[in-house]
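Going down the list, the protein sequences come from chains A and B. Residue numbers for the first sequence follow the working numbering, beginning at 1 and rising by one. Residue numbers for the second sequence follow the working numbering, beginning at 1 and rising by one.
I should point out that these hints are in silico values taken from the structure, not numbers from a laboratory. Don't take each hint at face value.
Across the chosen pairs, the derived CB separations fall in these ranges [said to hold, decoys possible]:
id	chain 1	residue 1	chain 2	residue 2	range
1	B	Trp20	A	Thr35	35 to 41 Å
2	B	Ser12	A	Ala237	42 to 48 Å
3	A	Asp265	B	Asn8	47 to 53 Å
Predicted, not measured: the structure shown is a model, and the values here were computed from it. We put the CB at the ideal spot given by N, CA and C, even for glycine.
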Amino acid sequence: MTTLRTLPKIRDSISFLYFDRCKVEQESKAIAIFTKQDKYVIPCASLSTLLLGPGTRITHAAIKTLAENACEVQWVGEDGFRFYSSGRSSSTSVQRLYHQAQTWANPQQRLTIVRKMYQFRFQEELSDQLTLQQIRGLEGVRVRTAYSRLSKATGVEWKGRNYKQDDWFDADPINRALSSANSYLYALCQAAVVSVGYSPALGFIHIGKPLSFIYDIADLYKAETSIPAAFEAVASAREASGMTVRQKCREKFSNYRLMQRIIQDVDKVLGYMSGDTEIPAVSFLWDDQVDWVEGGQDWAEET
Amino acid sequence: MVVFVLENVSPSLRGEMSRWLFEIKAGVFTGRISALVRDELWKYISEKVGNGSAILIYSTNNEQGFSARMLGSPSRTLEDIEGILLAKT
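One chain only, chain B, in its complex shape (with noise of 0.2 Å):
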């Protein structure tokens, strides 16, 4: 399962995401997809993603079950601190 979380992106690329996926919330896309597309929509997001921000959750194999990736300047970053996520304020 993938989560995207966008904050203050553009309304094609907003559209372009509830192509693969299900907005549950303005901006917040979830659902199932391929590793590949995936990553091919990250790409996609940080070549778009302007002023705005954007998170990606997805779950993983590892200790804690899920990874995530960021962009943009939230008011948190995640730091793998030797295998493990966390957030750093």
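Next comes chain A alone, as it looks inside the complex (with noise of 0.2 Å):
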């Protein structure tokens, strides 16, 4: 039931599924979680990622079917922070990793990228004469007109964005439910980024961090998705549990089909043109003067 065809999985696929204190185990070729008195069959497959709170076990049998599906797996602190993720990358192909790498390596094409990464926030088109850095500075009154608007929507009241994460509980509770439905975002585009391949680490706006890149991908979606989820769960109850908070992100990844479009938008924004996804029989080595020979061979008559 496996295929190559990764591009068409991901946009079928329920975005995230999130558990605590339970046990997860493989049964019958399947995934099923068993919490204290039941037992949820989970469609792993047509899952994107599973996110595992606090007190959860997990098998190794589970981990491998999980792995196989392609579904991502992340531990989660009880506010939805990753503390710890794994997976190993469900791609077959590495033409986009590549593609990444050669378009974050070239300064110019990189800027680029850049640019199409803040146009595609923006409802205007930006103009070619604006900088960088003027850019960066509509950004921030884009990001704050559109709290001020929520907040004036919703009834929330906002004092501005506070992320000092030594201070949990000193947050107010919209903060702390933007934090957490920004890391469920993460969360995603991580699996989503991963499972076609490219490096969650090479980031083109941020840098410095193992996940730039999935911090590049979740700020296209910040604004449509965490944010209003994060404010209108607040304004459903005051101390906003993770439940609602999780309840509001999946209604807006799901209104926005994020999916679904998550790849494609991936694609478009770093240049990328889908290519020959097919995989080779045998791996490659690269050569300075034919770019490639093939690999699996003994070479040693030709020195």
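Make one complex out of these two single chains by using the hints.
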């Protein structure tokens, strides 16, 4: 049942499922989650990422099945903060990674992509005359406007974004909800991006973090998904629980058709044209004169 | 599209169902009806189901692409987990 066509898979999949305090096991070729009283069977092949909260146990067989079905598994904290995540790339092709690395390493192409990433978030056309610094300024204004617009629409008081991670419980409910909602968006972007072979670390706008590229991609969608989700969650219940935030996130991801769009959007922003997806039977060796030679054979006589 | 699965119900209820839908297999009804008709049928079933059981599955615009309802005491039940329906046993 597993095919090489990764694109349709991401498009059709359910964005995420979150479970805590449970046991995850393989059961007759599927994945079952055992809570204290109940058992749930999980459609892992049509799930993009499984988020496991505190108090979860998972078996070796379950991880193997999840990996085979290209379902990312991420271990997260109570409020959605990933403290550990794992999984091999389920991609069968390295084309996208090569494209990403090439454009990343070329300052001119990189600037073009950075501009496209910013452009993606604006309704109107950004003039070519604008410098990157000016665009960054416009972006700051756009985000601030989005916060105050949502604050007005939902009646949630807004005193500015507070990122301080060490005083989590000092932050106001909306800031906590925003951090949680963003981390679910990150989880999803990571699952999607990794599944087709992009590197999470090679960020274009963000640099210096193992997940820089994920932050780049998540920023494309924050204003439509995680930010309104957080405001609506807090508006519906002052002490928005993780559950409300997740429910609102799912609603936004689904309404915005995130799973259908994400890979298409990333490919477009990066200027990646899907080429031949056929996987070579053998691996190749790089050659400085003829680009590549066939691997898996003895080249001793050539020297 | 909707699918109803009825088990252990009266012939008259099945007759009523087949006025609207196509009985593809004993007790399994499918077809395309409006949400209004679907809900009316479900209401009707819930009155007439007796000791039997009923399942309704229908396409809808959510992340999974479908939703479901259950009546009676089937061996597994559906639970909404933060917006996703999962079968619970």
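**Asked** Among all the numbered hints in the text so far, which are the ones the structure does not match?
**Response** none
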